[in-house]
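Peer 1: Next come the chains, spelled out residue by residue.
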Amino acid sequence: MNKTHDNKAWFFVLPVVALVAFNAVIPLMTVVNYSVQETFGDNVFFWAGVMWFEQVLQSERFHDALFRQLAFTFTILLIEVPLGVAIALTMPKKGPWVPVCLVLMALPLLIPWNVVGAMWNIFALPDIGLLGRSLNALGFDYNFTRQPGDAWFTLILMDVWHWTSLVVLLAYAGLVSIPDAYYQAAKIDGAKPFAVFRYIQLPKMKRVLTIAVLLRFMDSFMIYTELSVLTGGGPGNSTTLLSIDLVKIALGQFDLGPAAAMSLIYFLIILALSWVFYTLMMRNEQQ
Amino acid sequence: MAKIVLDTLRHAYMPNPTQDSDWALKQLDLEWEDGGAYALLGPSGCGKTTLLSIISGLLRPTHGRVFFDGQDVTDLTPEQRHIAQVFQFPVVYDTMTVYDNLAFPLRNRGVDEKHVDQRVREIAGMIDLTHMLDNRAAGLTADGKQKISLGRGLVRSDVNAIMFDEPLTVIDPHLKWQLRSKLKELHQRVRTTMIYVTHDQTEALTFADKVVVMNQGEVVQIGTPVDLFERPQHTFVGHFIGSPGMNVLPCEVADGRPHVAGIAVQAGGSGNLGSASGKLEVGVRPEFVRFAEAGDTGGLPARVVKVSDAGRFRIVEAEAAETRIKLLVPEGGDIPQEQAHLLFDPDHTAVYRDGWIVA
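From first to last, the protein sequence lines stand for chains S and H. Numbers 1 to 287, taken from the numbering used here, label the letters of the first sequence in order. Numbers 1001 to 1359, taken from the numbering used here, label the letters of the second sequence in order.
Among the hints, erroneous ones may be present.
[Unchecked claim] Calculated lysine-lysine pairs in the DSSO-like style (CA-CA distance at most 30 Å, straight line):
1) K192(S) <-> K1003(H)
2) K1210(H) <-> K187(S)
3) K1182(H) <-> K187(S)
4) K1003(H) <-> K1026(H)
5) K1003(H) <-> K1176(H)
6) K187(S) <-> K1184(H)
7) K94(S) <-> K204(S)
8) K1176(H) <-> K1210(H)
9) K1114(H) <-> K192(S)
10) K1182(H) <-> K1114(H)
11) K187(S) <-> K1026(H)
12) K94(S) <-> K1026(H)
13) K187(S) <-> K1326(H)
14) K192(S) <-> K204(S)
15) K204(S) <-> K1176(H)
16) K8(S) <-> K94(S)
17) K187(S) <-> K1003(H)
[What the hints assert, rightly or not] Facing chain H, a subset of chain S residues (Cβ under 7 Å, in silico):
18) A18
19) A21
20) Y199
[Said to hold, decoys possible] Cβ pair distances, simulated, as ranges:
21) E1033(H) <-> L107(S): 38 to 46 Å
22) S1181(H) <-> R198(S): 52 to 60 Å
23) V98(S) <-> N1108(H): 50 to 58 Å
The set of hints was computed from the structure by calculation and includes no laboratory data. It should be emphasised that the depicted structure is a prediction, and the values quoted were computed from it without experimental measurement. By construction, the Cβ of each residue, glycine as well, lies at the ideal position given by its N, Cα and C atoms.
Make a model of the complete structure from these sequences and hints.
Peer 2: Pasting the structure below:
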């Protein structure tokens, strides 16, 4: 068989290469460029080597922000994934209520992120907000703008409200794809409800749940908009997660070098953790 | 094990059935002996799966009762009825090993591990899965998975009946035969009542001692494979069973005897049909039609229109009185050119009124 080698095919790929270069590679390279140089203004740059990376990795400020970020992400994962699965399990499988439930579930996902932040900010205000006032009326000393604990509580509540729906919808999609025969067989085999969940529903939902955990992990690790509108990182630095801190360094202090180094470290952490998650969750698939 | 009795069973999927066609099952009275192998045979949508679900307890009938050994089980769950079922698409618990799959029904019932182990190994031996007990069930082929489904029914010692809902649909053709004979062999060994639902006549006829043929929510005939072949009670059975199916020819009665296209036909022990009303037909299988030879008298004049070779025999289509009649000619048999006369074997020719046999 004679294969025709025609390198003209490359021309068809070129537009995509150009597009990807323009919107991903080139911006990323400017960040790399800033991360290894020092500037004192006037567009004069000096070679700085890995100095900024060392500085960021050793700074206590970065450690604290990273710790808060991890705490936030794992807390919301621990709440949203089980809660999402639980809600999906209680949703009807067929009938007129299915579309109603689906739309209700999808609603929080349709609201622009800064609106979510603004909504919760007002909702939680201790003097006029429904939530804040009610909590205080009930005797709780609640003020999310002053007390770090209250700020965290509000932040997590907001994220759970905003994003549990995503887990619900994905888990629900996994659940409705299970044929009836499985439930009937389990009934005949005398399986208790927990065994049905453990041996039928959970294994069948595994793939979609993997996607759900990955998406929630990545998104929550990058959370910026809602958080910056709700608390702006405060009170003090108590809710300053990585993205908020990065913006403070890059745009507040205009420290382009450290900010660029931090961006790259931030990016690599997300990449590495996503890879670890995915590998762990898909490990059994090969067996 | 149990004798199963169905008493005036009717079922409709809609809440208020008014007309005949609203019923998925019209009216059913059946008795199945303990330890028998039965098949429910019929085309898609005839109600056989509905009937199966009613017997297994997955569905509650709109009307009528189900009895196992005289006990009314109509309101009992599948678990309480002690039945097992093998579904059309193999159901295995993916995350478990083959061993755990087979042990699952026993463990759910709190059987002690020693007894579980003994039962699982015994059954695994019967269904040839001993060598892969430690494999993950998800990795098995479709026929292996169906064996596990069957095994989960067999391990339980309290099973009243095992149901099969078209279990060979997803199995490769060359394995179907193997699994079918395995099933037959297992039935002879364990003697549990088995009910097998299928639309494939070969599966039904090879598996079952008695076949229940259903059409449009009604039982058309219950009988041994030989009964169904030699004396179909309804033209539908004649059509549906046999390949090619039975010839059904319009006829009229004169002098108390059936006439096809004006020529008298002998049918079974037909007495005087009298002045029968309704739609009358003569049914005769292609196996029992032959060409008239020298010395034969009478016969239906026909014209050969098509001959197709099926290996051991040839299927001949002849045209007589504006209808087509099929007949089988064995290898080496003569096929007359163009004009011929057809003779029906009187013992295997029957007259049907409105579809049902009369003589």
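Peer 1: Are the hints correct? Go through all of them and say.
Peer 2: Now the hints, each set against the structure:
1. K192(S) <-> K1003(H): Holds: K192(S) and K1003(H) sit about 28 Å apart, inside 30 Å.
2. K1210(H) <-> K187(S): holds, 29 Å
3. K1182(H) <-> K187(S): holds, 26 Å
4. K1003(H) <-> K1026(H): holds, 22 Å
5. K1003(H) <-> K1176(H): holds, 29 Å
6. K187(S) <-> K1184(H): It holds: about 26 Å lies between the C-alpha atoms, which stays within 30 Å.
7. K94(S) <-> K204(S): With Cα atoms ~18 Å apart, K94(S) and K204(S) stay inside 30 Å; holds.
8. K1176(H) <-> K1210(H): Distance ~20 Å between K1176(H) and K1210(H) Cα, so the pair holds.
9. K1114(H) <-> K192(S): holds, 22 Å
10. K1182(H) <-> K1114(H): holds, 28 Å
11. K187(S) <-> K1026(H): Roughly 28 Å between the alpha carbons, so the hint for K187(S) and K1026(H) holds.
12. K94(S) <-> K1026(H): Between K94(S) and K1026(H) the Cα gap is close to 27 Å, so the pair holds against 30 Å.
13. K187(S) <-> K1326(H): violated, 49 Å
14. K192(S) <-> K204(S): Since the Cα atoms of K192(S) and K204(S) sit roughly 17 Å apart, the hinted pair holds (cutoff 30 Å).
15. K204(S) <-> K1176(H): holds, 28 Å
16. K8(S) <-> K94(S): Cα-Cα ~53 Å, so violated.
17. K187(S) <-> K1003(H): Holds: K187(S) and K1003(H) sit about 22 Å apart, inside 30 Å.
18. A18: A18(S) check fails; min Cβ-Cβ to chain H is 44 Å, beyond 7 Å.
19. A21: It is violated, given that the least Cβ distance between A21(S) and chain H is near 43 Å, above 7 Å.
20. Y199: OK, holds: Y199(S) within 7 Å of chain H, min 5 Å.
21. E1033(H) <-> L107(S): 38 to 46 Å: violated, 59 Å
22. S1181(H) <-> R198(S): 52 to 60 Å: At 36 Å between Cβs, range violated.
23. V98(S) <-> N1108(H): 50 to 58 Å: violated, 31 Å
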